[in-house]
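Number of protein chains: 2
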Amino acid sequence: MAYRYEIRLSGSGGQGLILMGIILAEAIGIYDGKYVAQTQSYGPEARGGSSKSEVIVSDEEIDYPKAMSVDLLLAMNQKSCDEFYPDLKPEGLLIVDSTFVIQVPTPKAFQISFTRIAREKFKREVVANIIALGALSQLTPVVSAKAIESAVLARVPKGTEKLNRDALRAGRSAAKKAKEAWMTLGAPLEIPKEDLLDSY
Amino acid sequence: MAYRYEIRLSGSGGQGLILMGIILAEAIGIYDGKYVAQTQSYGPEARGGSSKSEVIVSDEEIDYPKAMSVDLLLAMNQKSCDEFYPDLKPEGLLIVDSTFVIQVPTPKAFQISFTRIAREKFKREVVANIIALGALSQLTPVVSAKAIESAVLARVPKGTEKLNRDALRAGRSAAKKAKEAWMTLGAPLEIPKEDLLDSY
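Heads up: the sequence lines are chains A and B, in that order.
Residues in the first sequence are numbered consecutively from 1, following this note's numbering.
Residues in the second sequence are numbered consecutively from 201, following this note's numbering.
Worth flagging that the hints you see were computed from the coordinates, not collected in a lab.
In this text, all values refer to a predicted model and were calculated from it rather than measured experimentally.
Just so you know, not all the hints are guaranteed correct.
[What the hints assert, rightly or not] Residues of chain B placed beyond 10 Å of chain A at every Cβ, according to the derived structure:
1) D282
2) E325
3) T340
4) E380
[Stated by the list, open to error] Below 25 Å or equal to it, Euclidean Cα-Cα: the simulated DSS-like pairs (lysine-lysine) are:
5) K323(B) x K158(A)
6) K162(A) x K177(A)
7) K176(A) x K162(A)
8) K162(A) x K146(A)
9) K146(A) x K121(A)
10) K358(B) x K321(B)
11) K146(A) x K179(A)
12) K321(B) x K362(B)
13) K362(B) x K158(A)
14) K289(B) x K266(B)
15) K289(B) x K362(B)
16) K66(A) x K289(B)
17) K289(B) x K279(B)
18) K162(A) x K358(B)
19) K89(A) x K179(A)
20) K158(A) x K358(B)
21) K308(B) x K377(B)
22) K123(A) x K108(A)
23) K266(B) x K66(A)
24) K323(B) x K376(B)
25) K89(A) x K266(B)
26) K162(A) x K121(A)
27) K89(A) x K79(A)
28) K123(A) x K358(B)
For each residue, glycine too, the CB sits at the ideal point set by N, CA and C.
Modelling step: build the complete structure from the supplied sequences, incorporating the hints.
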């Protein structure tokens, strides 16, 4: 049977989830050479509601491009975490932005303060999505760090390449620490603020 | 049975088809309040190949977000016109950018020089996709001109609002002329260059 890996990126409207989905899809499809379908859905409730973007990866052409049973859920706010966690497979990977997700539904989640890092390290909240992409490339083998970097640099506005490359690296570094803590202690921990600021 | 309307936007990599798909989906889903799913797909052949973006519209939640039988095909280059025309329903609507599509597979197609208008009227080839969105809102009732304008203005970079609003209007105006010619003469005609430049 064909390999299929389902990613859902979720949060609120202004968090850049669509761009994230496109970059991730391009990284995997164009730079890593797999089959990818990337989808956004809107309903009548879309105005001001939560936003989601899905990326489906396969080793063959994707007939059904909608997530059914999610392998990786990124939740950038509490509402989307509550709403979409039930769709995550039992062995699935949950990554939350701990700036906004306070009640985490499983101790197995990776909790990283994407937005806080964006604010404090870069003074630019808009790069939180790029930091999250960096973390994602560290936490899942479905996309390589190199492909993510190529795809980010191809999509971001000219003149912001350094900012975005640094944001990616900060995300990878924060994820690496979260992973090490998880391996040492048996569960991922929130990373102390000091570590984040010194992390690369 | 539920209403379902399938739109495929196609062309080459740099023509802004993904942004077009997102704007169109947001216009229909957020501003016009219907159910919409918007998809991009990539395969191992994606590098440098043709690009497509799909928007599915329904009056109920969309279970299968991939186009099967296309109601509206926009082809921004010859290759995508050749490749995707067979998926268009017999009664479907074909709109081509006649700057690049020379061999049109049916006399019922609307042929409008989106890229030529962008170059000659705006000196900015990048707005060809926005001109095409304007034309689309004139040629299909699936999206309103008002919703398209709101969605475009919400997505384009700050400072480019006037350019993009003018591009939308130029597209609507060119489409109106193409429609009038079609109604008068029984078939859509290529619009003379002079008319395009005076069109609004």
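Against the structure, the hints:
The Cβ of D282(B) lies farther than 10 Å from every Cβ of chain A, with a closest approach of about 20 Å, so its non-interface assignment holds. E325(B), annotated as away from the interface, keeps every beta carbon of chain A farther than 10 Å; the closest lies near 16 Å. Taking the minimum C-beta to C-beta distance to chain A, about 18 Å, the non-interface status of T340(B) holds against the 10 Å cut. The claim that E380(B) is not at the interface with chain A holds, since no C-beta of that chain comes within 10 Å of its own (minimum 33 Å).
Taking the CA atoms of K323(B) and K158(A), the gap is about 20 Å. The hint holds against a cut of 25 Å. A distance of roughly 23 Å separates the Cα atoms of K162(A) and K177(A); the hinted pair therefore holds under the 25 Å criterion. Distance hint between K176(A) and K162(A) is fulfilled; the C-alpha atoms sit about 21 Å from each other, no more than 25 Å. Proposed proximity of K162(A) and K146(A) is supported: the alpha carbons are some 15 Å apart, at most 25 Å.
For the hint linking K146(A) to K121(A), the alpha-carbon distance of about 23 Å falls within 25 Å, and the restraint holds. With a C-alpha separation of about 21 Å, the suggested pairing of K358(B) with K321(B) holds against the 25 Å cut-off. With a CA separation close to 20 Å, the supplied pair K146(A) and K179(A) stays within the 25 Å bound. Between K321(B) and K362(B) the CA atoms are separated by roughly 14 Å; this keeps the pair inside 25 Å, and the hint holds.
This hinted pair checks out: K362(B) and K158(A) have alpha carbons roughly 22 Å apart, not beyond 25 Å. For a cut-off of 25 Å, the pair hint linking K289(B) to K266(B) stands: about 15 Å separates their Cα positions. For a cut-off of 25 Å, the pair hint linking K289(B) to K362(B) is broken: about 36 Å separates their Cα positions. For a cut-off of 25 Å, the pair hint linking K66(A) to K289(B) stands: about 24 Å separates their Cα positions.
For the hint pairing K289(B) with K279(B), the CA-to-CA distance comes to about 19 Å; that is within 25 Å, so the pair holds. With a C-alpha separation of about 22 Å, the suggested pairing of K162(A) with K358(B) holds against the 25 Å cut-off. Between K89(A) and K179(A), the direct Cα distance comes to roughly 20 Å. Compliance with the 25 Å bound is thereby established for this hinted pair. Note on K158(A) and K358(B): the hinted pairing holds, with a Cα-Cα distance of about 15 Å set against a maximum of 25 Å.
Simply put, K308(B) and K377(B) have alpha-carbon atoms about 15 Å apart, close enough for the 25 Å limit, and the pair holds. A threshold of 25 Å between alpha carbons decides the hint, and for K123(A) with K108(A) the separation of about 30 Å lies outside it, so the pair is violated. Distance check on the hinted pair: K266(B) and K66(A) sit about 9 Å apart at the alpha-carbon level, within 25 Å; holds. With a CA separation close to 22 Å, the supplied pair K323(B) and K376(B) stays within the 25 Å bound.
Between K89(A) and K266(B), the direct Cα distance comes to roughly 24 Å. Compliance with the 25 Å bound is thereby established for this hinted pair. Straight-line distance between C-alpha atoms of K162(A) and K121(A) comes to about 14 Å, which keeps the hinted pair within the 25 Å bound. The suggested pairing of K89(A) with K79(A) holds, with an alpha-carbon distance near 19 Å, which does not exceed 25 Å. For the given pair, K123(A) sits about 20 Å from K358(B) by alpha-carbon distance, which is consistent with the 25 Å threshold.
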